[in-house]
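Visitor: Spelled out, the chains give:
Protein chains: 2
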Amino acid sequence: MAKPKIGFIGLGIMGKPMSKHLLDAGYELVVHDLVQAAVDEVVAAGAEKGVSPQDVAERSTVIITMLPDSPDVQAVALGENGLIEGVSEGDIHIDMSTIAPGVAIEVAEALGAKGVGCLDAPVSGGDVGAINATLSIMVGGEQALFDEMMPIFAKMGKTITLCGPNGAGQTVKACNQIQVALNIIGMSEAFVLGAKAGVDPAIIYDVLSGGYAQSRVHDARGPRMIKGDFAPGFKARFHFKDLNIIMKTGNDYGVPLPVTSLVHELFATMMAQGRGELDHSGIMTVLEDMAGIKARTQKE
Amino acid sequence: MAKPKIGFIGLGIMGKPMSKHLLDAGYELVVHDLVQAAVDEVVAAGAEKGVSPQDVAERSTVIITMLPDSPDVQAVALGENGLIEGVSEGDIHIDMSTIAPGVAIEVAEALGAKGVGCLDAPVSGGDVGAINATLSIMVGGEQALFDEMMPIFAKMGKTITLCGPNGAGQTVKACNQIQVALNIIGMSEAFVLGAKAGVDPAIIYDVLSGGYAQSRVHDARGPRMIKGDFAPGFKARFHFKDLNIIMKTGNDYGVPLPVTSLVHELFATMMAQGRGELDHSGIMTVLEDMAGIKARTQKE
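The listed protein sequences derive, respectively, from chains H and R. The letter at position 100 of the first sequence is residue 340 when you use my numbering, and the numbering goes up by one with no holes. The letter at position 196 of the second sequence is residue 436 when you use my numbering, and the numbering goes up by one with no holes.
Chain H extracted, bound-state conformation (with noise of 0.2 Å):
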């Protein structure tokens, strides 16, 4: 089978390096962008230029779009000048974006009607996971499009899974930001208390690393949350959106979540604070301040 031609919108910070990588492989693109420098940037390494989605749409067969959130998804898929408005029978649309799993289903059924099949496919692993094809890619749709489909996504991600129908890979994406959030609050709640009934953090650290209260957060922010590292990582504007998210969907499913609500509304603390830009494990600076107290450890 031929390499389809590939549209490719969103070129951030996540979509760039994926776009990139596709290149590389050899497939044709047509790439947009509001930010026209993300654009150039692309066309220059060999892409072609798409002036809408509608434009992508016409002039590619897989459309892949890595938005910011729903609305965006939204309004490029289905929006004036949309995907909606130039795809054709046999197309195929991954969202990979990370987005509400009820909005992947609008899409879905939206584009479906025009004969398109599409697949959610929301990552995990960063902008370091987007650089090196590493990223986990979690996939809701039919078996046979992620089938078809693999060529494509081995070239950006490595852990590359079928969760079940449209909207299915939105919901364990929705799951894993989760049990981090959680797992990272359960850290800072920790700090805080230990710091200030008198431990230094690190021991604290060092003593949890070893047993039950282990976790793949604890191993990779631990060791900065108690220097007070708070550099980004991901940033906690995006997992504040996810949180977003996530309630939506409680709400969607009728599935009550009373802790993550309650996470939600510290990171919305966190927001209000103007502390978005700080890596997630930075919500441990709104617990230290209600506390009035740093978890700061005096090792070196």
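Honestly, I wouldn't trust all of these hints.
Stated by the list, open to error - Which bits of chain R does chain H cover? Going by a derived footprint, with three or more residues having C-beta under 8 Å, they are:
(1) 255 to 262
(2) 404 to 412
(3) 454 to 467
Claimed, not checked - Among chain H residues calculated to face chain R with C-beta under 8 Å, some are:
(4) 386
(5) 425
(6) 434
(7) 437
(8) 444
(9) 453
(10) 489
(11) 490
Unchecked claim - DSBU-like cross-link-like pairs, simulated, lysine-lysine; straight-line CA separation at most 30 Å:
(12) 395/R with 243/R
(13) 488/H with 539/R
(14) 539/H with 481/H
(15) 243/H with 354/H
(16) 488/H with 467/R
(17) 467/H with 539/R
(18) 539/R with 398/H
(19) 488/R with 467/H
(20) 539/H with 539/R
Don't read these hints as lab results, they were simulated from the structure. Heads up, the beta-carbon is just placed ideally off N, CA and C, and yes, glycines get one too.
Got chain H sorted already, so can you dock chain R onto it with the hints?
Guide: Same frame as chain H, but now just chain R:
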């Protein structure tokens, strides 16, 4: 230095195997418990029987307590016929119970006034760790006393850490129990949300295992939770007890713990519903009932 004669008070699921390790290591033991059968068993293994904490203190130089909760330690150490009525200057008290840091400090000060050296030394690792002598032991107290008692700790545990002054061992244990509880709650809300949105919890478990959402609890308990297997393990009522200690500690030191306090209320719900004998991961059943769904995998 000759081996000190050890008093051991509290021969429950943890204390019984711990005391037997000390007997096996050649220590003379005098033991006490309110449950006569437990005393008889350890006496049959070679220990002497003490009739009260006071009696145990009079007949030993190192006294270990392994009791359910703060009031038990207060009563045994400072109450009528308590340790305080039997100790001599130069004796050593090691409390291995999990209790409030504030109570550990209170006991250390009261016995310290009689010339008794005190360590708080709560453990993690559960009954399996007690039986295999692989407990993690988190110690609060003076370095010299910690070093002196290391041969005794080494018969019961593996990772043995001095965390700071009196109370610091209990504080680090509290931090441990915060992180474990929040990691479990994160898994619970994720599985319940995912299941009601139509994704097999086994997929959620698998996908999240390899990534940033991973935790020791996820690895150890996830496969059972998604089958609805909540056999303990660590009973929920013990984690609830620890959460009560944590909330009291937050109050003592002036540390708001917004998320842990909500988790405390969810465990209180679990207790009110008569589910305290389940494994602590059974907290997921509370969230399942709230959402009106069971998060069960269909996979084999």
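Visitor: Compare the structure with each hint and give your call.
Guide: Okay, the hints, checked on the actual structure:
1. 255 to 262: Check failed, 0 qualifying residues.
2. 404 to 412: It holds, with 6 qualifying residues against the three required.
3. 454 to 467: holds (count 6)
4. 386: violated (13 Å)
5. 425: holds (5 Å)
6. 434: The hint holds - residue 434/H has a Cβ within 8 Å of chain R, the shortest such distance being about 5 Å.
7. 437: holds (4 Å)
8. 444: holds (5 Å)
9. 453: Holds. Min distance 4 Å.
10. 489: It holds, given that the least Cβ distance between residue 489/H and chain R is near 7 Å, below 8 Å.
11. 490: holds (6 Å)
12. 395/R with 243/R: Distance ~13 Å between residue 395/R and residue 243/R Cα, so the pair holds.
13. 488/H with 539/R: holds (28 Å)
14. 539/H with 481/H: violated (35 Å)
15. 243/H with 354/H: holds (22 Å)
16. 488/H with 467/R: Answer holds: residue 488/H to residue 467/R is near 27 Å, not above 30 Å.
17. 467/H with 539/R: Not satisfied, since the Cα-Cα distance of roughly 44 Å exceeds 30 Å.
18. 539/R with 398/H: holds (24 Å)
19. 488/R with 467/H: Distance of about 27 Å is within 30 Å: holds.
20. 539/H with 539/R: violated (48 Å)
Comparing the model with each earlier hint shows violations of hints 1, 4, 14, 17, 20; every other hint is respected.
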